[in-house]
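Since each chain sits alone in its own frame, please combine them into the complex, following the hints.
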Amino acid sequence: MPVVIENLNFTYSKKSAYENHALKDINLRIEDGEFFGIIGHTGSGKTTLIGHLNALLRIQAGSITVDDIVITPKNKKKLDFKKLRATLGMVFQYPEHQLFDETVERDVSYGPKNLKLSKEEVAARAKEAIEMVGLNYEEIKNRSPFDLSGGQKRRAAIAGVLAMHPKILVLDEPTAGLDPRGKKEILELISSIRTKICPTVIMISHNMDEIAALADRIAVMHEGKLVCVKKPCELFSETRLLDRLNIKMPQVTEIALRLAKAGISVGKGIVREDELTAAILSAVKGGIS
Amino acid sequence: MRDISFGQYYAAESVVHRLDPRLKLILTIAYMVLVFFIQTFFGFGILFVFVLAVTFSARIPPLRLLRSLRTILILLLFTISITLLFYHNSAETPIAEWWIFSFYRSGFINSGLLACRLVLLIIGPTLLTLTTTPVSLTDAIESLLKPLSWIKIPVHAFAMIMSIALRLIPTLSEETHKIIAAQKARGANFDSRNPFKRAKALIPILIPLFVSSFRRADELAYAMDSRCYKGAKGRTRMKVMRFAWRDLFAFLVFGALFFGILLLRYNWWNWDWVRLITQW
Ligand SMILES: Nc1ncnc2c1ncn2[C@@H]1O[C@H](COP(=O)(O)OP(=O)(O)OP(=O)(O)O)[C@@H](O)[C@H]1O
Ligand SMILES: [Mg+2]
Chain F
219 MPVVIENLNF TYSKKSAYEN HALKDINLRI EDGEFFGIIG HTGSGKTTLI
269 GHLNALLRIQ AGSITVDDIV ITPKNKKKLD FKKLRATLGM VFQYPEHQLF
319 DETVERDVSY GPKNLKLSKE EVAARAKEAI EMVGLNYEEI KNRSPFDLSG
369 GQKRRAAIAG VLAMHPKILV LDEPTAGLDP RGKKEILELI SSIRTKICPT
419 VIMISHNMDE IAALADRIAV MHEGKLVCVK KPCELFSETR LLDRLNIKMP
469 QVTEIALRLA KAGISVGKGI VREDELTAAI LSAVKGGIS
Chain R
145 MRDISFGQYY AAESVVHRLD PRLKLILTIA YMVLVFFIQT FFGFGILFVF
195 VLAVTFSARI PPLRLLRSLR TILILLLFTI SITLLFYHNS AETPIAEWWI
245 FSFYRSGFIN SGLLACRLVL LIIGPTLLTL TTTPVSLTDA IESLLKPLSW
295 IKIPVHAFAM IMSIALRLIP TLSEETHKII AAQKARGANF DSRNPFKRAK
345 ALIPILIPLF VSSFRRADEL AYAMDSRCYK GAKGRTRMKV MRFAWRDLFA
395 FLVFGALFFG ILLLRYNWWN WDWVRLITQW
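Protein sequences, first through last, are from chains F and R. Each number in the numbering used here corresponds to the 1-based position in the first sequence with 218 added. Each number in the numbering used here corresponds to the 1-based position in the second sequence with 144 added.
Pulled out of the complex, with its shape left as it was, chain R reads as follows (with noise of 0.2 Å):
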């Protein structure tokens, strides 16, 4: 195996990753509307502690976890320090004050919130992508999207191309790699100072990687028009999504998950525990 990840995702056998995956698409989906119900600490702290559980039964490492995080880090900071500094209700007074900015009490609890909000919803695509292999997840939105070709949406025809794209991702960085190389050894320099001779350094890998993109393309469809292909109609699938019944357990644990958060939000019934509750 050369050493080229696809996507994110992450091999381990598990129930999470033979979930269906239109399930987890529309979990995910669900998760991340239901994130935005949250208003208190106690309601974060219940979904991480859910969204550990479904990565220690998907046996991923945290730290693969974590690493997914990397990305939003700046964007986290800066959206904490700033209302941090910022926010105040008007009747409100400073509770610590340093230079010349003054803290307050909500500016510390929103700014918390509002960094578990980005954590979590961070957290639930990446654990989508790293339980389920691209193509998959290709197959998920065609499925569920089917109902748009009643209406003449070439879906398929979309989706085709989605997977044909994201299969030829790792032909096409070895590719690169090869070509860089073949220009190297012809004494290219990439290492230029100078920006305009930097992108003109550029032109000699970009040139016949684009041939040899249209090369493919030609011999895939060739490949395909002599298998007969020829569009959706009448085409059966090599792996069937089946509903299972870890399916519906996984549906009914997430539903429960979901009535609670909204039960935390708006107490239907006025249930004095659920206000104890969330007051702490």
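Bound conformation, chain F alone (with noise of 0.2 Å):
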């Protein structure tokens, strides 16, 4: 079942000198298997729209659907939240900060513990998910989470979402802070668990490239509003909306719009790593040719 938005409105501090429309009309369908990206200016509303999916934060105006469970204002108070938190697993930012208890397969455990599982159940599970996120089960264990380094730490506390089974997963940026290598250790990872275990995966990110290369479908968010949901290659080949919304493009495209610029015609629409060399080898052998 897909994950649907409709009408959806919030504000922070209502009534208060603070008040601030955080989210304005949100209208969105996520389908089963989709990768869908979200993006948008620091402040823009990212966060609060994703705080939603799993009641999070109280609704206030609008409703949502994920998977069979439906979120009202009415019915906000008689949801069953572990359903859904088990349904929906989320990573937030900086997941590693979550971390607390002695030792890894504990911290892993903590979730699937409160879905009051049987305890071969819990550790079958804290097992497999350590394991998923590529980290060695029997050499990590045991030891204290807060022992680990900084690209290990954020794989332990995503195997602690993962644990819970899933059915969509929702993250916030989670490549912030890692080094180049722990990014694109990441993003495989995420890649993995997309293949392996939940299909539908919901991204933040602020890193173009990254954003571009994974997403099927990208939300653009402005200021509490959503602006449009394009596929990246329609999305990034929108000078004019990215340059009214202060985006960035992803360096593959401004590569391959400079080539286009100096005379060497790659195509439109390019985003990808891979289809930019593709490109530009063709564009080559048909300069050679």
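Hints in this document: simulated from the structure, not taken from any laboratory. Incorrect hints may have been included.
What the hints assert, rightly or not - Straight-line C-alpha distance at most 30 Å; calculated DSS-like pairs for lysine-lysine:
#, chain 1, residue 1, chain 2, residue 2
1, F, LYS371, F, LYS385
2, R, LYS341, F, LYS295
3, F, LYS466, R, LYS322
4, F, LYS337, F, LYS300
5, R, LYS328, F, LYS301
6, R, LYS328, F, LYS414
7, F, LYS486, F, LYS449
8, F, LYS371, R, LYS344
9, F, LYS334, F, LYS301
10, R, LYS290, R, LYS377
11, F, LYS301, R, LYS341
Stated by the list, open to error - Pulled a few chain R residues facing chain F out of the computed Cβ check, cut under 8 Å:
#, residue
12, ALA326
13, ALA329
14, ARG330
15, ASN333
16, PRO348
17, PRO352
18, VAL355
Even glycine gets a Cβ: it sits at the ideal position worked out from N, Cα and C.
This is the structure:
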């Protein structure tokens, strides 16, 4: 079942001096098996939007359907929170800040334990999740999560979410604050999670290269409004829109544009490295022949 | 701006806000002493007028001031009813009776005076914190306690600790919200009826909070080190506190009030009109 958001509105600190209309009339449909990207300037409401998906923020107006769970202002208190949060796994920005337990294994087990699963099931899921994120289970299970490296911590934290077996995975800037190699590894991890256990992924990112390479569709947020939802190749060929919203292009697209300006025609709508390589190769071959 | 009220400072442009925080602090202490010298409704009346005048010139909505009284409401009601029920002179006859209680004239008068005293006692410091940021208050305390550093008490260090703590309150509160959200997303349940389970549910919040506080402290220490912070020695201030004419004015107004109240109480020169007022 897809994620459907209808007429969602949200205001922080209603009726006070700090009132802030953070979401304005959001309508959105995210299909099953889709990799859905969300971009937008800082403060545009991305985190607020995804906070609604598993009812961490109390819905004020509109409705959200996740799988077969409907969230509306009327039923927000009677919701089956456990089911909702097991269905939709949420990895926040800097997820390593949520680690707390003595060992990695126990920390990863926290989610499944909260779901009141049997002991064996919890242990099995913890093992599976730790291996899934590419950590060595036997070596790491009894170590303190606080002794791990930054990238390992983030993996452990992601494992804690995966252990709940979500059908939809939501990630808020999963690569923030990592070095290029750590970034690449996390992105590869997300791709493999997608093919193995959780095909639907929603990801917020400030890195256009990352989002262009991975996402099937990208939603652009601006000052609390949803500006558009487009395929990467369409979105990043609309230079004027990007300029207006102050969004940078992926480097690959930038290079393609400059090549085109320099007279080497590589075609339009190039957003991924492999596309660019192929286009350059064929252009060069064309030039030679 | 996030909605994290910092202390209870009420931001506004006013003379009262701009007064030297050291003066405000001293005057507030003097004011609280003064409250204890007053024993007549007339005296309290004068002080109420003064407080109202300050509130208006500070452009603080009076409701805001009343809200600060909410915290002592129960204490207030309790003391009033106790005094009302049990206070009386031995020679007095009750003016009213109800069920097993009798009410006396002096009981009414005394509970009224007590209520005035409590309310005025709370309002004074409230006005101070409404018009002065915690940071400038800390600076004021540091500046006033400076003589203590002559006997080797590290006043500056204490003040620095306090400013840092104040600065970190909103940051930590934001951090706490984030951690709570993250653990809720992992199915944490904070609404259990069982107090043990509730306490246990706090562990996944408190530990990450401690960890991040230590991390913050480390980072801050590095940042201070790399900017060559080495304590009070040779340190200058960004905001220098200077005595201005408005401070003198405020001092004189308050001095007149202080003198007037004491005159009403002690009537050093045995003036008749003073006796007349206080009897009334
Ligand atoms: N807890 C809060 N209380 C009040 N206002 C908030 C709160 N959280 C966010 N806001 C405000 O809501 C708006 C949207 O914030 P949000 O965190 O959703 O932005 P974002 O798109 O995720 O930004 P970033 O890219 O920096 O993470 C901002 O103006 C922000 O200041
Ligand atoms: Mg965000």
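Going down the list of hints, with the structure as the test:
A distance of roughly 23 Å separates the Cα atoms of LYS371(F) and LYS385(F); the hinted pair therefore holds under the 30 Å criterion. In summary, the hint linking LYS341(R) to LYS295(F) is supported, as the alpha carbons are separated by about 21 Å, within the 30 Å threshold. A hinted pair counts as satisfied when its Cα atoms are at most 30 Å apart, and LYS466(F) with LYS322(R) qualifies at roughly 28 Å. As the CA atoms of LYS337(F) and LYS300(F) are separated by approximately 18 Å, the hinted pair is consistent with the 30 Å bound.
Only pairs whose Cα atoms come within 30 Å are accepted, and LYS328(R) paired with LYS301(F) is accepted, the gap being roughly 12 Å. Only pairs whose Cα atoms come within 30 Å are accepted, and LYS328(R) paired with LYS414(F) is accepted, the gap being roughly 25 Å. With a CA separation close to 13 Å, the supplied pair LYS486(F) and LYS449(F) stays within the 30 Å bound. Of the supplied pair hints, the one linking LYS371(F) and LYS344(R) holds, its CA atoms being roughly 23 Å apart against a limit of 30 Å.
Between LYS334(F) and LYS301(F) the alpha-carbon distance is near 11 Å, which keeps this suggested pair within the 30 Å criterion. For the given pair, LYS290(R) sits about 13 Å from LYS377(R) by alpha-carbon distance, which is consistent with the 30 Å threshold. Proposed proximity of LYS301(F) and LYS341(R) is supported: the alpha carbons are some 21 Å apart, at most 30 Å. Hint status for ALA326(R) relative to chain F: holds, with the closest Cβ pair at about 4 Å, below 8 Å.
Given the 8 Å rule on beta carbons, the hint for ALA329(R) holds: about 4 Å separates it from the nearest Cβ of chain F. Among the interface hints, the one on ARG330(R) holds; its C-beta lies about 4 Å from the nearest C-beta in chain F, closer than the 8 Å criterion. The beta carbon of ASN333(R) comes within 7 Å of a beta carbon in chain F, closer than 8 Å, and the hint placing it at the interface holds. The restraint placing PRO348(R) at the interface with chain F holds, with a minimum CB-CB distance near 5 Å, inside the 8 Å limit.
The restraint placing PRO352(R) at the interface with chain F holds, with a minimum CB-CB distance near 5 Å, inside the 8 Å limit. Checking VAL355(R) against chain F by beta carbon gives a least distance of about 7 Å; that is within 8 Å, so the hint holds.
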